[in-house]
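Order-wise, the sequence lines are chains A and B. When the count follows my numbering, it moves up by one through the first sequence with no breaks and lands on 1351 for the last residue. When the count follows my numbering, it moves up by one through the second sequence with no breaks and lands on 1351 for the last residue.
Don't take every hint at face value.
To be verified - With a straight-line Cα cutoff of 30 Å, these simulated DSSO-like cross-link-like pairs (lysine-lysine) come out:
1) Lys-1300/B - Lys-1337/B
2) Lys-834/A - Lys-901/A
3) Lys-1262/B - Lys-1247/A
4) Lys-802/A - Lys-834/A
5) Lys-1300/A - Lys-1247/A
6) Lys-901/B - Lys-1085/B
7) Lys-1037/A - Lys-901/B
8) Lys-1337/A - Lys-1262/B
9) Lys-1247/A - Lys-1262/A
10) Lys-1262/A - Lys-976/B
11) Lys-1085/A - Lys-834/B
12) Lys-1085/B - Lys-979/A
13) Lys-901/B - Lys-1085/A
14) Lys-802/A - Lys-1300/A
15) Lys-979/A - Lys-1337/A
16) Lys-1337/A - Lys-1337/B
17) Lys-1247/B - Lys-1262/B
18) Lys-783/B - Lys-834/B
19) Lys-1337/A - Lys-1247/B
20) Lys-1085/B - Lys-976/A
21) Lys-1247/B - Lys-1262/A
22) Lys-1247/A - Lys-1300/B
23) Lys-1085/A - Lys-1247/B
24) Lys-783/A - Lys-831/A
25) Lys-976/B - Lys-1037/B
26) Lys-901/B - Lys-979/B
27) Lys-1262/B - Lys-1085/A
28) Lys-831/A - Lys-802/A
29) Lys-979/A - Lys-780/A
30) Lys-901/B - Lys-1247/A
31) Lys-1085/A - Lys-1085/B
These are calculated hints, taken from the structure and not from any lab test. Keep in mind it's a predicted model, so treat the numbers as computed, not measured.
There are 2 protein chains.
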Amino acid sequence: MQVYQPPLRDMRFVLHELHGSDTLKDMKGLSEITPDLIDAVLEEAAKLVTEVLAPLNASGDTEGCTYENGVVRTPKGFKDAYRTYVEGGWNGIACDPEWGGQGLPASVTKLIEEMMCSANLAFGLYPGLTHGAYVALSHHAPQELKARFLPKMVEGTWSGTMCLTEPHCGTDLGLLRTRAEPQPDGSYAITGNKIFISAGEHDLTENIVHLVLARLPDAPKGIKGISLFLVPKFLPGPDGRPGMRNGVMCTGIEHKMGIHGSSTCQMSFDGATGWLVGEPHKGMRAMFSMMNSERLSVGTQGLGVGEAAYQSAVAYARERLQGRALSGAKHPDLPADPIIVHPDVRRTLMTMRAYNEGCRALAGWVSRNLDLMERSEDPEERRTAEDFTALMTPIVKALFTDLGFLNASLGMQVYGGHGYIRDHGMEQYVRDARIAMIYEGTNGIQALDLVGRKLPAHTGRYLRAFFHPVLDFIDAHLDHEVVGPLVGPLGKAFGALQLATGFIAEKGLRDPDEAGAAATEYLRLFGVVALGYMWARMAKVAAEKRVEPGADTAFYDAKIATARFYMDRLLPEAAALWGAIKAGKSSMMALDPAQF
Amino acid sequence: MQVYQPPLRDMRFVLHELHGSDTLKDMKGLSEITPDLIDAVLEEAAKLVTEVLAPLNASGDTEGCTYENGVVRTPKGFKDAYRTYVEGGWNGIACDPEWGGQGLPASVTKLIEEMMCSANLAFGLYPGLTHGAYVALSHHAPQELKARFLPKMVEGTWSGTMCLTEPHCGTDLGLLRTRAEPQPDGSYAITGNKIFISAGEHDLTENIVHLVLARLPDAPKGIKGISLFLVPKFLPGPDGRPGMRNGVMCTGIEHKMGIHGSSTCQMSFDGATGWLVGEPHKGMRAMFSMMNSERLSVGTQGLGVGEAAYQSAVAYARERLQGRALSGAKHPDLPADPIIVHPDVRRTLMTMRAYNEGCRALAGWVSRNLDLMERSEDPEERRTAEDFTALMTPIVKALFTDLGFLNASLGMQVYGGHGYIRDHGMEQYVRDARIAMIYEGTNGIQALDLVGRKLPAHTGRYLRAFFHPVLDFIDAHLDHEVVGPLVGPLGKAFGALQLATGFIAEKGLRDPDEAGAAATEYLRLFGVVALGYMWARMAKVAAEKRVEPGADTAFYDAKIATARFYMDRLLPEAAALWGAIKAGKSSMMALDPAQF
């Protein structure tokens, strides 16, 4: 059975003990954000996801969305759940109070996002898309559009989408054909077909606000001729309420491997009324505000599913009796030992645990930087936080989703044959997790973003936001009783990352194919080093906390043991990655397409 | 779209050029097996799978099997396809002519098995199970049972199953409860419930022959008290034709992640008539004849799906236009370049290719040894072949299925969002491939078999069948113009394998948990070294053949380039594996179950 309880203890560890949430209140707009308040919010969120969302996860998968004559129905229960979600004010927790939001810091809201992804990934996509559209609009829309749309979107009575993909263009948006004709009233008539539009049509909200990429008549060819438009399903009337139906229509939904409860729509725009968001031909910039926010969210999806798979696997490993411990029966009173005694089951659970907790810690670090870049009073600190976030966005997206899929598959493996049948819900995790490696830019595209944009930006300035703290930490803890043995292997892996960075900077400058050939392994190497750094830091905190009076030593000891496991068993991948990277592009690019 | 053409050129390379099929005719019973005959058989098989089986793969997945009142219906078209398959004589190709089979060597039949797995994995399971049951019966059943059942099973008009699992026991068969009561006529009355029985009930054959594990009344507890029984669905009448319905009934089928066209049945035995196969309480031995054969077949399933995913990905990568080559447009006449120009797509395709062709070569080596152990006149050669097969069985099963799932997922990734929707069939490969890591002993169990049984057997004798030829090859080719640069990295990886073997032998002897902790990574390390050895040997053959007059140099050059890619990019994993292994069990086993 799908087992999930929000890991509140670990979340508190990451937020309060590792990343120091007590300093959040010093940032702009957060004066009331205390650890106690945060804990109360997290506990309420935990109730919501366990009582309202998780119970609909398997049934939503089985039932899926249905399409009929342009109307999309979400699975039974989704509507009520969404109402509860909106009425609880959850939709606006991360939004600006100016538009009715609660203005909570990312450090907190990202944890709630994780809970939602664990409990019901398909459901979470609806508000997730709305939030992405909110981000793009709040940064780029003219004030009048903001005033008309944002309050409804923050409230959650209107939802949002992101309409990029067309049948012939996904990654390469320069090819897109949807056009926008200027109208005398200053609006635009949008015409074209979009596919793969998550939440493009559904029955959860009274209106849907599409952000649509399209070309103006005088647009230059390619990616520099794309503009962004806001196209609502219903045109708001003078009273601000949904009025006339706009010329946008859902013409079908996709049958997918997973996330069945999320509608993936084919959308047809037929002279639909839209308004320009941002400057003409600068649509990609505006879209990237949304995209960057979404990419971090997709990373969170990987972590969320990975955590749910882990908890479900642990529950089964504790209760399934099969075989005896290799070192002698652990429960001679039972017909067999629970499978958690077997080393290979341990290996599986520890792997999942080490990746999940490592990713949660890293996500917390990124969230803190999201807060700093938005709210710090110090421009230097804001800039460093921006650098760091820009650098880590592709890593979080690709690494977390690769690991989320891996963890879902590992969790299923613990169940054996029982994992492959539908009843236990483990195979749903595998199917659901798989999409996250693809959408919002495939993980290969993330890797290219890292080596092609983030690495060379400002002659490597972004890197410093990561390299400096890691290097300082390693240097400072070589002789630390608990952390010393961990920073040894971390230092080696970090050395490989530095070598790989130099390799790409040098070779990639002369030949972009060399950078491309190294990209995926480089992103992974960066990721495993980043997780290693998080584990070393977590071990340090745990070592300090465990000796405090009344400390929960079992929790801290588990942290330290898992840190050791990470260094022992998972970080060695770094050697393989550097080995592969330094081989260069030669054999990878040797074949003529006809030879495949 | 699912694209699949049997890779006949590569199969001929493996069979004729790499493993020397011209010597097959020197083995017992194979005097007529010439390379020309083999090619003709493979071409006919290729027709069968592309014309009859592949067209039913996607539709079989969509429709699935249906259950009603004990009756299971296979998807539309399966019955006709099965009839064509049986009428073509394909069911008995690997069986003994004594029972009506064609007695083709494994070197040939395993390639046909691969084709079937590529074309339609779910369909292939029906004859696959029959063959496994055939193997067990032909080795262990009394002559009278053989005479009554084998001709029908070889012909394919009766099919077979393997009834092991019960709700509370899968891996740990010692817990099983199904009982067998001796009857006055020498038969047994079998009573109990089995689950996860592939092909347990269906509409393809007029009878189904279940091999059932059960306990005799005087059975010792645990695994040493299990006997094997043959329990047909219909009791054969005096005329040998299916007569009275036996007390065995399908009570339901599972809804699974994939292989929807294969029925996975809950079976109820209610005093069903059965006959003992092999000795009382020695059922596991008989079952293992079947299981070992099945484990190799499941490995083939991984390879089969991996190959189909590869071909489908290549087809899409050649035709999908998106973006421009990093080094400048390759097709300025087109709106964009085909995605095969991008390094990361290359990396993906080369990875799939290197694993598939490497696995095919390794499977060919194992097949040759299957033939030798059965047909060599030299007892020493037979014993070495047996050692080698015993050693490689868990490796082939686990490595090939891990890689098959990886390749299916990589193939899907090439399609981006189009891979996640059902239309292109790529997500089916992922769902279908996943089961192979689980059934016939999870891959973790394979790893335990390798370190716990195969490594220590006869104080390491099995290992020699692999280590000696690899070592000899490396030593002999250090200065070879083409192979020399490949055996360098191979030698390093092989060194890591030797160290890991010593580590496990030493530590595992004192503490079985240490062997268990190393098992999965050790199997993988063994596997990647074995593939590396295959690639070095293939490169050698290619280097020799490419200079022959009229040689297909494009093919041989691609072989050599792929060998380089394997050493450059995939073999480096060995370093990470050895790094993980040598860390030992300490951090893996540190947590108390309550700490998870």
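Hints, one by one, checked against the model:
With a C-alpha separation of about 41 Å, the suggested pair Lys-1300/B and Lys-1337/B falls outside the 30 Å cut-off, and the hint is violated. Proximity of Lys-834/A to Lys-901/A is assessed by CA-CA distance (about 26 Å); at most 30 Å being required, the pair is judged to hold. Taking the CA atoms of Lys-1262/B and Lys-1247/A, the gap is near 26 Å; set against the 30 Å cutoff, the hint holds. For a cut-off of 30 Å, the pair hint linking Lys-802/A to Lys-834/A stands: about 18 Å separates their Cα positions.
With a C-alpha separation of about 27 Å, the suggested pairing of Lys-1300/A with Lys-1247/A holds against the 30 Å cut-off. Taking the CA atoms of Lys-901/B and Lys-1085/B, the gap is near 63 Å; set against the 30 Å cutoff, the hint is violated. Between Lys-1037/A and Lys-901/B, the direct Cα distance comes to roughly 77 Å. Violation of the 30 Å bound is thereby established for this hinted pair. A hinted pair counts as satisfied when its Cα atoms are at most 30 Å apart, and Lys-1337/A with Lys-1262/B does not qualify at roughly 34 Å.
For the suggested pair Lys-1247/A and Lys-1262/A, the alpha carbons sit about 22 Å apart, so the restraint of at most 30 Å is met. Only pairs whose Cα atoms come within 30 Å are accepted, and Lys-1262/A paired with Lys-976/B is rejected, the gap being roughly 66 Å. For a cut-off of 30 Å, the pair hint linking Lys-1085/A to Lys-834/B is broken: about 50 Å separates their Cα positions. Taking the CA atoms of Lys-1085/B and Lys-979/A, the gap is about 21 Å. The hint holds against a cut of 30 Å.
For the given pair, Lys-901/B sits about 44 Å from Lys-1085/A by alpha-carbon distance, which is inconsistent with the 30 Å threshold. Proposed proximity of Lys-802/A and Lys-1300/A is supported: the alpha carbons are some 28 Å apart, at most 30 Å. For the proposed pair Lys-979/A and Lys-1337/A, the alpha carbon gap of about 35 Å is over 30 Å, so the pair is violated. Proximity of Lys-1337/A to Lys-1337/B is assessed by CA-CA distance (about 24 Å); at most 30 Å being required, the pair is judged to hold.
Between Lys-1247/B and Lys-1262/B, the direct Cα distance comes to roughly 22 Å. Compliance with the 30 Å bound is thereby established for this hinted pair. About 36 Å separates the Cα atoms of Lys-783/B and Lys-834/B, which puts this hinted pair outside 30 Å; it is violated. About 16 Å separates the Cα atoms of Lys-1337/A and Lys-1247/B, which keeps this hinted pair within 30 Å; it holds. For the proposed pair Lys-1085/B and Lys-976/A, the alpha carbon gap of about 19 Å is at most 30 Å, so the pair holds.
Restraint check for Lys-1247/B and Lys-1262/A: the C-alpha separation of about 26 Å stays at or below 30 Å, so the hint holds. Using a Cα cut-off of 30 Å, the hinted pair Lys-1247/A and Lys-1300/B is violated, with the two alpha carbons roughly 43 Å apart. Restraint check for Lys-1085/A and Lys-1247/B: not satisfied, since their Cα atoms lie roughly 40 Å apart, outside the 30 Å limit. Pair hint Lys-783/A plus Lys-831/A does not hold up; C-alpha atoms about 42 Å apart against a cutoff of 30 Å.
Annotation: proposed proximity of Lys-976/B to Lys-1037/B holds, straight-line Cα distance about 13 Å (limit 30 Å). About 25 Å separates the Cα atoms of Lys-901/B and Lys-979/B, which keeps this hinted pair within 30 Å; it holds. Using a Cα cut-off of 30 Å, the hinted pair Lys-1262/B and Lys-1085/A holds, with the two alpha carbons roughly 21 Å apart. Taken as a hint, the Lys-831/A and Lys-802/A pair is honoured in the structure, with Cα atoms around 20 Å apart against an allowance of 30 Å.
For a cut-off of 30 Å, the pair hint linking Lys-979/A to Lys-780/A is broken: about 41 Å separates their Cα positions. Distance hint between Lys-901/B and Lys-1247/A is unfulfilled; the C-alpha atoms sit about 62 Å from each other, more than 30 Å. Our distance criterion of 30 Å between C-alpha atoms is broken by Lys-1085/A and Lys-1085/B, whose separation comes to about 64 Å.
Figure legend: structure checked against the earlier numbered hints; hints not met, in rising order: 1, 6, 7, 8, 10, 11, 13, 15, 18, 22, 23, 24, 29, 30 and 31.
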